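Chemist: For reference, the chains in residue letters:
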Amino acid sequence: MTHTSLNPAPRELLKLVVVGHVDHGKSTLVGRLLYDTDALPEGKLEELQAVSAKRGMALEWSFVLDSFQAERDQAVTIDTTQIRFKTDRRDYVIIDAPGHREFLKNMVSGAAEADAAILVIDAAEGVREQSRRHGYLLHLLGVRQVAVVVNKMDLVDHDQSRFAEVAQEVTDYLAGIGVEPAAILPIAAREGANVAASSPELAWFNGPSLLDMLDRFQSVTRPSLQPLRLPIQDVYHFDERRILVGRVESGVLRAGDTVLFSPSNKTARVRSLEAWNAEPPLEAHAGHSVGLTLEEQLFLERGEVMSHEERPPQLTNVFKTTLFWLGHGALEPGQKLTAKLGTARYAVEVVAIEQTIDTDSLERRSGEALQRNGIGEAVLRSRALMVVDEAQTLPHSGRFVLLDGLDLVGGGLISMEGYPDQRSVMQVRASNVFSVEHGVSREERWARSGHKGGVIWLTGLSGAGKSTLAMALERLLFERGYQVYVLDGDNVRRGLNANLGFSPKDRAENIRRVGEAAALFADSGAVCITAFISPYQSDRDRARAATERLVPGGFHEIHVAADLATCEQRDPKGLYKKARAGEIADFTGVSAPYDPPSNPDFVVDTNALSIEDGVAELLEFCRSRIAFDPPKSN
Amino acid sequence: MDRLDQLESQSLFILREAYARLEPLSMLWSLGKDSNVMVWLARKAFFGRVPFPVVLLDTGNELDEVYAFRDEYVETWGLSYINADCPALEETDPTLPLNSRHAARKTLGLKRIIADQGFRGIFLGIRRDEQAVRGKERVFSPRDESGTWDYKDQPAEFWDQYKTEIRPGAHLRIHPLLAWTEVDIWRYIQRERIPVVPLYFARDGWRYRSLGEKDITRPIRSQAGTIEEIIAELETTRQPERAGRTMDHDSEDAFERLRASGYM
Chain A
1 MTHTSLNPAP RELLKLVVVG HVDHGKSTLV GRLLYDTDAL PEGKLEELQA VSAKRGMALE
61 WSFVLDSFQA ERDQAVTIDT TQIRFKTDRR DYVIIDAPGH REFLKNMVSG AAEADAAILV
121 IDAAEGVREQ SRRHGYLLHL LGVRQVAVVV NKMDLVDHDQ SRFAEVAQEV TDYLAGIGVE
181 PAAILPIAAR EGANVAASSP ELAWFNGPSL LDMLDRFQSV TRPSLQPLRL PIQDVYHFDE
241 RRILVGRVES GVLRAGDTVL FSPSNKTARV RSLEAWNAEP PLEAHAGHSV GLTLEEQLFL
301 ERGEVMSHEE RPPQLTNVFK TTLFWLGHGA LEPGQKLTAK LGTARYAVEV VAIEQTIDTD
361 SLERRSGEAL QRNGIGEAVL RSRALMVVDE AQTLPHSGRF VLLDGLDLVG GGLISMEGYP
421 DQRSVMQVRA SNVFSVEHGV SREERWARSG HKGGVIWLTG LSGAGKSTLA MALERLLFER
481 GYQVYVLDGD NVRRGLNANL GFSPKDRAEN IRRVGEAAAL FADSGAVCIT AFISPYQSDR
541 DRARAATERL VPGGFHEIHV AADLATCEQR DPKGLYKKAR AGEIADFTGV SAPYDPPSNP
601 DFVVDTNALS IEDGVAELLE FCRSRIAFDP PKSN
Chain B
1 MDRLDQLESQ SLFILREAYA RLEPLSMLWS LGKDSNVMVW LARKAFFGRV PFPVVLLDTG
61 NELDEVYAFR DEYVETWGLS YINADCPALE ETDPTLPLNS RHAARKTLGL KRIIADQGFR
121 GIFLGIRRDE QAVRGKERVF SPRDESGTWD YKDQPAEFWD QYKTEIRPGA HLRIHPLLAW
181 TEVDIWRYIQ RERIPVVPLY FARDGWRYRS LGEKDITRPI RSQAGTIEEI IAELETTRQP
241 ERAGRTMDHD SEDAFERLRA SGYM
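One line per chain: the protein sequences are A and B, in this order. Just so you know, we're using this note's numbering here: the first sequence kicks off at 1 and counts up by one. Just so you know, we're using this note's numbering here: the second sequence kicks off at 1 and counts up by one.
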């Protein structure tokens, strides 16, 4: 007997999730699908009849899935389950997800691994709260193929116009979140109408039956054409080999490839792909769990992401996210959580909840907090550099989950819009550079100036008053005998940084150069005041590091704070007006983000203070920080 | 990638996630077809070497062929093996139906070995398609200090981010085969030439479809004497796999109660 004669190759499998509002008939539909496709095991129908009779009800299909006693007693699905059926075309795993709001995390657990979804809507009730929330979540979870069934048509007398109403309602809603349903079908799951075959009562409907519809879905394959991403799971030294293991999330890896590791920025050549009890493969595609060895012995750990050099992931410690929150309490700014992205873990802090999204009305509101089971947009910051991708282009490396203590409490999609990729900023291009010792010591310079060198770094929105404050402070310090100089945004852009624009990347480079220049001023014994919006905390941190390298304790971050409305009203250069008119792209506060300092050394509130009072406060602050013993008397 | 490759890759990913995050670890090896596939996958995941012990929950009541198989493959596969003796029937919950009490011995044995060894993670070869209550399981399923399964409040699990954070004293049941079906298992055994206990193959018109202890497992009527014939039989049968396991059928919620109290 040959090995193939009896058993053809395994068939294609499609994972299907069934979602919708509680009591709209999800479990019933699944039970019916199983019955119609002959997937119920022998004796199951009799068992269902017995269990139903015991509870004094007619045959209850949902008991096929609601296998917990509590689910059967309360007639509510508590947790997701998976069960199989097949058509002539292929095999299906059907994932039944609870509709009840309380069990949203279970719905998410089920839905996230589906290739396609059936959204069930009660013909009489129409679109309800959880129909909308589930529709929205499917989108966030990455399920792109959706069929809508308008169920319980028997309860509305199989009325065509009622079906048309509900179909319109659901089409409008889904269009609002960018989802185009593959089909909208009328069905009556309990009696089986239009589930496996068309029925006389629904003869007016010309479309396919649900089963035909399902067979039209595409099975989803992992993306091999996208850039390579392979998060390292572990490093094994079971024998003389040092094997890196992980799963290719996207792209293709071949033996001999030169690869880049992030965030460490190390590169190496892949010596071999390794396998046990099989020929070592020459290449691995998206979805493959692999082992590999490198030609160089690099120190690498779990969490590093392998890519090719030409299309690397981004590095950042701040990003924007659309997230869903499953935690018990509300999610609020200042909260500290752990993000798990690929195989890496990062300590993150919520900087801001920018918007909450009402999944009922699709209205976006500016929000302070995200309630349990809510969806919204937030800004997160991490201490370490994170390896990320845009969720839009690379879903597997662009999404993360949030842990609060031991519990998984949310998931989010990453957007880097408005934030710079910090890889370009941190790359050191120069080699063979050695620092030369100066012949003059720091203390000698301070003794001659009569004060310490340092940087007074003003940050704030355009129009907050940075330049005005900087120039006034420079005047006052100068008059008191200080060596002082202002680096101002517009002035620097005319010379040193004339080649830079306003993209996130160029902004980061602008601030990097200013930070280095200010550090040299400080090292020379002068006080350098800077007046730049400097919107990203990461850039300011880098400027601080540049100064602190030369002058420990010499960097002072001052938040020139004024709210956006006030700044926009002042609009000293007319820039807000242009930005609102769409003439300026990436304008901070309007179309680009501003990270307020998380831990400023001093805050000048120009909403509340006059310029004179503001400068007076700043002067006092400066004198206290840059005084050198013995301080020069006025 | 065909379906077996996908299943294999996902299982390797799960095995490696657990190994990277949990210590000490072990794997339950009942010596049935599923757990043999699981050991095989572990050898793949860790390049020939299973870097944690395999544990048999031994009631002393396994079929003779099962013990013979164990003795051979502990040696051949170079496994680190723990024989965990299960407590007597008298120590089980007397309110359970009798067949369930036989099964509950394994639960007690499991709890005892976890307490003795302080395992933080245990691999089990259960599959969703075996039994409806198992269909509701997570891949990484937490158990508290008493070993019970809080099935009404399971952790969220999506995008392959598993729960690996637990309190001291608690442990995780890890299920690398949850997404496999009975037919997948046989096709994989066939593809990889994985040895199995001969009782699965029909002799005189009978074979075991599922192996349990002597007193609570029955063979089924079958002519399937080869893997090919077993697969062909499974493609058409409507008999549930565990029909020969008497303990599942004592009462409506017999299996649910077993699992909630910590059964595999």
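Please note: incorrect hints may appear among the correct ones.
Derived lysine-lysine pairs resembling DSSO-like cross-links, with alpha carbons at most 30 Å apart [what the hints assert, rightly or not]:
hint	chain 1	residue 1	chain 2	residue 2
1	A	505	A	573
2	B	152	A	44
3	A	336	A	505
4	A	505	A	266
5	B	152	A	336
6	A	577	A	505
7	B	111	B	163
8	B	214	A	44
9	B	163	B	214
10	B	152	B	163
11	A	505	A	578
12	A	336	B	214
13	A	54	B	152
14	A	44	A	86
15	B	214	B	111
Just the calculated beta-carbon pair ranges, DEER-fashion [claimed, not checked]:
hint	chain 1	residue 1	chain 2	residue 2	range
16	B	191	A	207	36 to 46 Å
17	A	267	B	201	21 to 31 Å
18	A	549	B	117	49 to 59 Å
19	A	541	B	118	41 to 51 Å
20	A	256	B	239	50 to 60 Å
21	A	239	B	193	19 to 29 Å
22	B	80	A	277	13 to 23 Å
23	A	271	B	193	43 to 53 Å
Derived from the structure by calculation, the hints contain no laboratory data. Since this is a predicted model, take the numbers as computed values, not measurements. Just so you know, even glycine gets a beta-carbon here, dropped at the ideal spot from N, CA and C.
Chemist: Each hint needs a verdict: does it hold in this structure or not?
Modeler: Here is how each hint holds up against the structure:
no., hint, verdict
1, A/505 - A/573, "holds, 23 Å"
2, B/152 - A/44, "holds, 24 Å"
3, A/336 - A/505, "holds, 27 Å"
4, A/505 - A/266, "holds, 22 Å"
5, B/152 - A/336, "holds, 28 Å"
6, A/577 - A/505, "holds, 24 Å"
7, B/111 - B/163, "holds, 21 Å"
8, B/214 - A/44, "holds, 26 Å"
9, B/163 - B/214, "violated, 36 Å"
10, B/152 - B/163, "holds, 16 Å"
11, A/505 - A/578, "holds, 22 Å"
12, A/336 - B/214, "violated, 54 Å"
13, A/54 - B/152, "holds, 23 Å"
14, A/44 - A/86, "holds, 17 Å"
15, B/214 - B/111, "holds, 22 Å"
16, B/191 - A/207: 36 to 46 Å, "holds, 40 Å"
17, A/267 - B/201: 21 to 31 Å, "violated, 53 Å"
18, A/549 - B/117: 49 to 59 Å, "holds, 51 Å"
19, A/541 - B/118: 41 to 51 Å, "holds, 42 Å"
20, A/256 - B/239: 50 to 60 Å, "holds, 51 Å"
21, A/239 - B/193: 19 to 29 Å, "holds, 24 Å"
22, B/80 - A/277: 13 to 23 Å, "holds, 19 Å"
23, A/271 - B/193: 43 to 53 Å, "violated, 29 Å"
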